[in-house]
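Chains as they are written, first to last, in the working numbering: chain B, 1 to 324; chain H, 1001 to 1254.
Derived from the structure by calculation, the hints contain no laboratory data. Among these hints, one or two may not hold up.
[To be verified] Here are the simulated distance ranges between beta carbons:
| # | chain 1 | residue 1 | chain 2 | residue 2 | range |
| --- | --- | --- | --- | --- | --- |
| 1 | H | I1167 | B | N315 | 48 to 54 Å |
| 2 | H | V1111 | B | V185 | 30 to 36 Å |
| 3 | B | K87 | H | P1017 | 34 to 40 Å |
| 4 | B | T82 | H | Q1049 | 52 to 58 Å |
| 5 | B | H206 | H | K1197 | 55 to 61 Å |
| 6 | B | T82 | H | A1186 | 41 to 47 Å |
| 7 | B | T82 | H | V1111 | 32 to 38 Å |
| 8 | H | I1167 | B | T82 | 29 to 35 Å |
| 9 | B | C33 | H | V1111 | 54 to 60 Å |
Quick caveat: nothing in here was measured; it's all calculated off a predicted structure. Glycine included, each C-beta is placed from N, C-alpha and C at the ideal position.
What follows is the residue order along each chain.
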Amino acid sequence: MCTNHDDQTAAIDCKQLTKVYKSLWTTQSQHVCALRDVSLSIEAGQIVGLIGPNGAGKTTLMNLIAGLLRPTSGDITVGGFTAGSMKAKRLLGYMPESPAFLEGYTVEAMFNYYSSLCHIGKDGRAKQSQELLDRLGLHSMRSRQCGSLSHGMRQRLGLAIAMVMQPKVLILDEPSNALDPIGIVQLRELVFALSSEGTAILISSHRLYELEKITSTFIGIWNGQIVDIGKNISPENGQLVRIEIKNEFERAKQLLSTWDVVRASGTEVILKISSQQDIASIVSHLTKKGVYIKSLCCDDESIEDVFLRISQNENREKEQFSDR
Amino acid sequence: MIGEIIKETCLRKRFIPRLHVTYVVTYLAIYLVSYGMHLLTPDSSYSTQWGLWLFAWSGCLFPVLLTAGIFGNDIDSGRMLQLATMPVSLGWLYTLRVLGMFIQCLVHLAVCFSLIFVMQSLTGYATEKNLGSWFLASLLISLTWLTLSTTLSTFLMREYNVVVIMIGSIVIFMLLMMINTAAALADWSALSETATKIAKYGIPPVIMLFNLGMQKCSITGGIVAAIHAIGIALFYAIVGIVILNHMEFVHKRE
């Protein structure tokens, strides 16, 4: 599992990583602990989704791996080299949440600028810009100034720049933000292609359905700590049943409260069942009481369901802790 | 890579190419206006010290304007996040950016001094013998201002490096005046001397290089002034590189 630390040489390896944000102007009590004792290992060719609520520490973790931040304690290696070192940088491609560019530069000039920083010669640059800009749907935009690009186009250019060096480790922070459906498909295809070439990819996103189409391996971060998502979506947790109620939704909620209700919103109730026999008893229980079912379907638990369940548990734990 | 970074220092902001053109056009216009006034009132004792003029505007102000937000803009906009993950050391990036701006200063000074020299040769008005020493002094002072302002830009966001230098220069000048006045009144000559030495050696050595431009110093004095200017520029650059290498980059969220 990617969340467990592995001793073999990994594309990304974090050991007991802790990051505390301090500043000269804050007291010790005001210091923010963004990550606490995080250990993880990602292998070459693996695609890993990084999920967690806002402010959980996802971007901090990505910035630490990219060498933009230094850990308060713990070690990070990229391809066996210390994160932030020149050797690690040669293996790494990084796309920040909101890529920024020189407004007066054209798309092609900006791409060439970053290519030159990666020590790519003029011929290589021309070939690469043709290939990558085409692949990301930026070909017709190459002479457009970066200042006039839409948010989605900026994301595409940011992605192209992250891939300039044909990295062995690619870190994408919310890459699908503002991308149109075509862009999302292109991103997905690109990620699959890179993964098949052996690139390890770490993607953070709040678009969980999109993320689920790219990978089935997830790392969850809640309150700066790793949550084992693998355990949460394992089959022993049961199957989900989505029931759409036709009438008397509030009553239906009450009637179903004896089962494990995952979520109830709108006219939909999601339950967790342990066996198929439960379905028959749920249906008969509801219909006997005059509640009609519009639709019913069995589903594996989606990553969104897992996300919401973990969030509920975390909130509950927090409340219990504060009550004490 | 070197060419791209040097090019970037000129094209990163739309106002920089315009600044180059504006300076040359302004010098030409001022020269022609001044020459016109001289023709209208030939008896006046009015004269222009073009070397000093170029030293102040092109040697001191121009490099500071060139460095506006050179790193501050990158850090503030989040551009630094991608720059810092590229396989190029931040010290090398700093050096190449300063080199790029210094080349611009060199070209700018060469163009402006040539313009004034040609105009003086053509009109025979306000001719000045020591334009060469002013050129050298301007080049050296521009290097120190460039490195000082670039270093300030590593920890001051946006274009605040320019604001701090402008305000700082005025404040230091006024402080020196006050110290000198107080020293004269209360006989604190030691204080006055210390303050003058700090101003002379610690900050860009304007006084030393002014004397070099005016040819008020000996050849040895001139060499010392040049070495001092290069040394202090080197000191500013090292401070800037150390700061950059110890920085953590996080994009501020709205």
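Evaluated hints:
Between I1167 of chain H and N315 of chain B, the C-beta spacing of about 49 Å keeps the proposed range 48 to 54 Å intact. The hint said 30 to 36 Å for the Cβ distance between V1111 of chain H and V185 of chain B, and at roughly 52 Å that hint is violated. The given range of 34 to 40 Å is respected by K87 of chain B and P1017 of chain H, whose C-beta atoms sit roughly 38 Å from each other. Between T82 of chain B and Q1049 of chain H, the C-beta spacing of about 57 Å keeps the proposed range 52 to 58 Å intact.
For H206 of chain B paired with K1197 of chain H, a C-beta distance near 59 Å keeps the hint of 55 to 61 Å intact. In this structure the hint that T82 of chain B and A1186 of chain H lie 41 to 47 Å apart at CB is violated, the actual value being about 58 Å. For the pair T82 of chain B and V1111 of chain H, the supplied restraint of 32 to 38 Å is violated, since their beta-carbon distance comes to about 47 Å. Roughly 41 Å separates the CB atoms of I1167 of chain H and T82 of chain B, a value that falls outside the hinted 29 to 35 Å.
Distance hint for C33 of chain B and V1111 of chain H: a CB-CB separation of about 56 Å, consistent with the stated range 54 to 60 Å.
Hints 2, 6, 7 and 8, counting from the list given before, are not met by this structure.
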